[in-house]
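Which chain is which? The protein sequence lines are A and B, in order.
All the letters of the first sequence, read from the start, carry residue numbers 1 to 417 under the numbering used here.
All the letters of the second sequence, read from the start, carry residue numbers 1 to 371 under the numbering used here.
Honestly, the hints are just simulated from the structure, not real lab data.
Using N, Cα and C, we set each Cβ at its ideal position, and we do this for glycine too.
There's no promise every hint is true.
What the hints assert, rightly or not - Derived DEER-like restraints, expressed as beta-carbon distance ranges:
1. A:GLU126 / B:TRP221: 41 to 47 Å
2. B:GLY139 / A:GLY84: 45 to 51 Å
3. B:ARG49 / A:PRO42: 50 to 56 Å
4. B:TYR281 / A:GLN180: 55 to 61 Å
Unchecked claim - To give an idea of the chain A side of the interface with chain B (calculated C-beta under 10 Å), a few residues:
5. VAL71
6. GLU391
7. GLY414
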Amino acid sequence: MRRHGWRLGLLVLVMSFVFAASAAAQSGQLEIFSWWAGDEGPALEALIERYESLYPDVDVINATVTGGSGVNAKAVLKTRMLGGDPPATFQVHAGQELIGTWVLAERMEDLTFLYEQEGWFDVLPEELIKLLSTEDGIWSVPVNIHRSNVMYYIPENLEKWGVDVPKTWDEFLTIAPKLQAQGIVPLSLGENWTVIHLWESVALAVLGPDGWESLWAGELSWTSPEVVETWELLGRILEYTNSDAPSLTWQQATDMIVDGEAAFNIMGDWASGYMSTTLGLEAGTGFGWAPSPGTEGIFMMLADSFGLPKGSPNREATLAWLRTVGSREGQDIFNPLKGSISPRLDSDLSLYDTYGRSAARDWQNSRIVGSLQHGVVANERFMNDFATVMEIFLSSRNAVAASNAAQAVAAQAGIGF
Amino acid sequence: MRTGKDRLLAGLMLAPSLILLAIFVYGFIGQTISVSLTDWGQGASLAVRPEVHFVGLENYRQLFTGILDIRFRQDLVNMVFFTLFFVVLCLGVGLLLASLLDRPLKGEGFFRTVFLFPMALSFVVTGTIWRWMLQPRGGVNVLPTLVGLPRLEFLWTTSRDQVLQFNWQWVPGALLLTAGLVLFLLGIRAWRRGERRRAGLLAFPGAVVSLIVVLGNPGGWSGLPFAEPHGFNLAMIGIVLAAAWQMSGYTMALYLAGLRAIPGELKEAAEVDGATPLQVYRYVQLPLLKPITLSAVVILGHIALKIFDLIFAMTGPDNAVTSVPAILMYLTTFRGNQFAKGASIATLLLLLVSGLIIPYIVSSLRKGEED
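The following block holds chain B by itself, in its conformation from the complex (with noise of 0.2 Å):
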């Protein structure tokens, strides 16, 4: 039974870690996107007063449209592929070892532990280490000089080799277009279960948005005069290599729990139903491992967003062909001195991630309510 004087022990415990929350964590948050909308950087940016000015979103703007920030749009560009490729790498390597592991297997407790611990490493350590095998002059590329092969000359961080181009230009509209399909495919699929007035509602403005992108101009809207190529960095291999090495034991031990929480009974049904161990595991143990998959997608999704150790001690602070936003954010910020633009690239990184997160603890929350 609650009571007040219940209600109030619980409001005094909890206070302390509210207002430093509250303090450190929004409280912060909020001055890093008010310092974001001003000019503070010019000039006397480390004086005692420096003269700053509300500027309102003119940050954002040049970050997307400036000659200058090419750099940042380039590193955005790495980061979505970066968290793409590695996240994809993680959950095939994870389930493919928790799926050998899953087996009845001899030193099974060994092989755990030996895939589980790079997750024990820091990523500065991962980093170091990395860094060292892949000089293109020594480590990886050295390795088939030992069966008598020719050595490598790939330069693992540091190429300047591009694919998957496009022209940034076109952004905008390809943004704009996809989500317009999104939301006329999501309408047609409320119609064909018969929720017209839903239906309506997501069809209608997803059709608006995808012809105006068709008809229109869409590359006129990303406020850039020239057309500028955007792709994927080879040289960003080797960070994902580096960055999976670490994190694939981990999403292991997700799906080696995923797998062990499956109960035997389901297994054996269709076993009796003379199911093939191929199809148990298609057909049985995969579907039932899609919440584990969601959650690892999450967590992983959030470090590669987030990722700045890693690459900062692979290959420093200057090599533009691996930045991703965070090193171009403390950069700007504290070696450049402009705070303001630091700061904006430091909302749009939080925007990001928040993005990433904000729906999966609303799902789960939803989740625990139902239950």
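Same shape as in the complex, but just chain A (with noise of 0.2 Å):
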């Protein structure tokens, strides 16, 4: 079915004549896609910075797509790529994402020897590579990690209210009341994906992280007992949430703990760089953070990538680009800025703040793990369709109807295989 990448390019081409698109066709120029603008534009600029001190001749054309966690860029990425324009690398968060939707389309390259010349086999966790890898390669070099399991909340709220942060769901579900009969809110909640991501620390504390491994290997059916515990656990605990929380963002659920109106949030870890840079917390003192219950001693990683598609215009400046992501240097300039830690063992802690200090300590202690709602462990249709499946669940609260539909998806999306 050649015609139809043929004819999307001519579509892609008419738009980039209305939309003047910088096409980075020459030789000198990187065009380097990605979503992140606002908050965490300048920590890809000091990025950008660092690369064109080292190679100054090379142009770079900072091309952004705003928009959500991506979807507007990954939509544009996709007629690109289909209209054989290509930028010369794309933002891309690592794992299934990336392998099960441009690998398996066999449109990137294999960055084994990159991992060898640099090096990065000694200085990334091997656990890390595992995820970023399929059998015929390494396909993207992460810049930086976030934690997904991670439980906030305001030490002197709770101490005002009688309450310790709990260890297990169980003890959550017996402190959860006593909140509730004060009139606070046990556990903020904001809009739909952000419960996928309370979903996520709930299967892992239920399943335990080789049972959440071998979910995603297709070992463990999603209509097993466990499974089904998973979502069920979920439905007691959505008891003890905010009734608005489809209109939340994740910034108003965090400032629901932070104005004192809800006792905990479990959110990812740029809910620290959120309160420390925005509004201005100490971090350990003025807000807390510990594993999502029963989660702890495990690591529930997810990290951005950039990696090196086939038919990259500029190869040579797309590989020192690599290179400089994935250099010490390059990912202590870049992570303290965004509010994410360096995936290298070796990086230079006095340059994080309190909260990157002691996510960096967990990273290298840590059994670590991917992170759906984030893109590492499922492919772009499973997570697409597993939204329904959530949807399937908030509407009917009935955990068996949602593993089967889950387990239909994970068959249709090639869960496992």
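Build the complex: two chains, separate frames, hints provided.
Below, the structure written as structure tokens:
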């Protein structure tokens, strides 16, 4: 079906006239495609600055398409790739989001040689490299690491209300009614994707890291009693969340604990950056964090990464970019600004803030697993349909129905094959 | 006088736009339909040469009977309710404003501009404004506190409450029954007018279809094994409000133009006959506005069926309670990489919109010929 590509290409060509898209076709240019604008823009710009100082002859084009977690950027990227106009390199969530879409389509180059040249096998955790790879190669260079299974709270408020940080969901379910009796929302929640984010922390607690991995390897069925239990537990937890959740962004859900309306919030660790930079709270005293209940010693990771598309307009400059992205210096410039940590085990921790140092310690000492909501363990098709599965659960509150639907989605999306 | 040279010239002048239309409109419609009959979207769907097979109407079958495509069916229901309420609200408010402005009124130009202004905004801007206003913790919900009343708790765009529920299994039967009854009634009307042949042609099949539905087992025709409730999501109220806010000024302008086009003699004649202003309005002006209403329904209707940007700006992609097929199509295609299924949703949308537009175009073309 080559025809599709040809016609889409024509469409993209016309569109590129209309939008005067910057085509980095000539040598000496490097087009970096991402959805990092706004709060995350300065980190990318600093990294580009570092690159420009190393390779002054390359003219870097910073192409961003904004919009929440990249939904619009990914759509634009797909039309460009189908049209035979790939950017030199593009931002992509490391793991199956890249592998299931672009590696399977044979549009990426294997980067194993680069890992060998740069010695990254020695400085990156083995579990991380496993999540970035298939049998045929390693497909991208991670630039940062975020943690998904973090529970936030305000220490002062917990003291006032007389509760401790729950270590398990059972503990949470015992203290939640006490909080509710005082008019406090036990767990604040935001719009729909944050519910999936919560589910993955709950599922990790129920299944454990091995069960979680076998779920994505296709060895554990979605209809098994353990997985049904994850939905049942989620249903019990949702009883203790705010009713206006779907109207709130994740920031507003975080605001609820800061304003003393809610006790706990489970969010990725970008919430640390939000509270310390935007809200000006002191990490450790102004706000506190712990692994989400039942996931002590487990680091559920997600990462942004850059890869090398086949037919990249400027392969040498792109490889140089990937070297910069993966270097210790590059990562220690980027991550303190982004509020994430470096995947490298040799990063200079003095450059990071209190939370960053704590996360980096956990990164080095924990069992590492991948996140679902943020693209590590499942392909895009599964992720898209999983939103519908969550919808089925939220409207029916039927754990078995949700498990059956998820099993159907997993079979269609080829999870574990 | 038309000579061959004139025709050639006319043809040459039209050719570029005809060729562009043929490729970029009809060519791509054709391609979308042909993609919708394949399974493009399995495995390596974005490969240079993706493996694609012809599967006939399988995608459509899944959309209407698949367990996971329950979201598509609810989106369809959302779209129908949205279209209905949006069109009715726009017509009502538009007619009211136009009738008020039609009186001799100081500052008419000012009010006309004020009411028409929202239309100058893009749906994205409207969506963003209303998203703020309908935030459950602020905006409209805190308005009552200004006069000392308790604040509202309604979740304008995210409520999970549903009213007017029905079972999807009954939809095919209900649609058929409606079609049958309409045919039957048209037949009766033809009979009364003395058009016997036509009456038979209409009433007989109508009666047969209705009888089949009544005597048959229409619940089993949907292909769904279980009862599947759908209904009007109260969360759509917020969307309807925002859309109607934007478009009722436009409806007002249409009606105002219609009212101004009514010859003054008609009104005067009625007044001479002793009609009160209300009677003039009811028996002279309103009937003459019918063609305007028809145009307005078609224009508003096709906007409503295609609505995407307003909802995307107001609630984002994953708020299923306010989702419509256009949003689902975007997500299925560009986020889920299921190009064939996205194409079949697009094709269904095209069919729905054409069902509204084509009869209108045909009837106005006919009218043009009669004139």
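Practice task
Return holds or violated for the Cβ distance of ARG49 of chain B and PRO42 of chain A against the range 50 to 56 Å.
Solution key: 41 Å, violated
Handout entry: Pairwise beta carbon distance, GLY139 of chain B to GLY84 of chain A, judged against the given window 45 to 51 Å
Key = Between GLY139 of chain B and GLY84 of chain A, where Cβ atoms are some 47 Å apart, the hint holds.
Problem - Supplied contact hint for GLY414 of chain A, tested at 10 Å Cβ to chain B - result: It holds, given that the least Cβ distance between GLY414 of chain A and chain B is near 6 Å, below 10 Å.
Exercise for the section: Classify the hint on VAL71 of chain A as holds or violated, based on whether any CB of chain B lies nearer than 10 Å to its CB. Expected result: Since chain B brings a Cβ to about 6 Å from VAL71 of chain A, closer than 10 Å, the hint holds.
Handout entry: Restraint outcome when GLU391 of chain A is required to lie within 10 Å of chain B by C-beta distance
Key = 4 Å, holds
Problem - Cβ distance range 41 to 47 Å for GLU126 of chain A and TRP221 of chain B, holds or violated - result: 57 Å Cβ-Cβ, so the 41 to 47 Å window is violated.
Exercise for the section: With respect to the beta-carbon atoms only, verify the hint that TYR281 of chain B and GLN180 of chain A lie 55 to 61 Å apart. Expected result: 57 Å, holds
Checked against the numbered hints above, the structure breaks hints 1, 3 and satisfies the rest.
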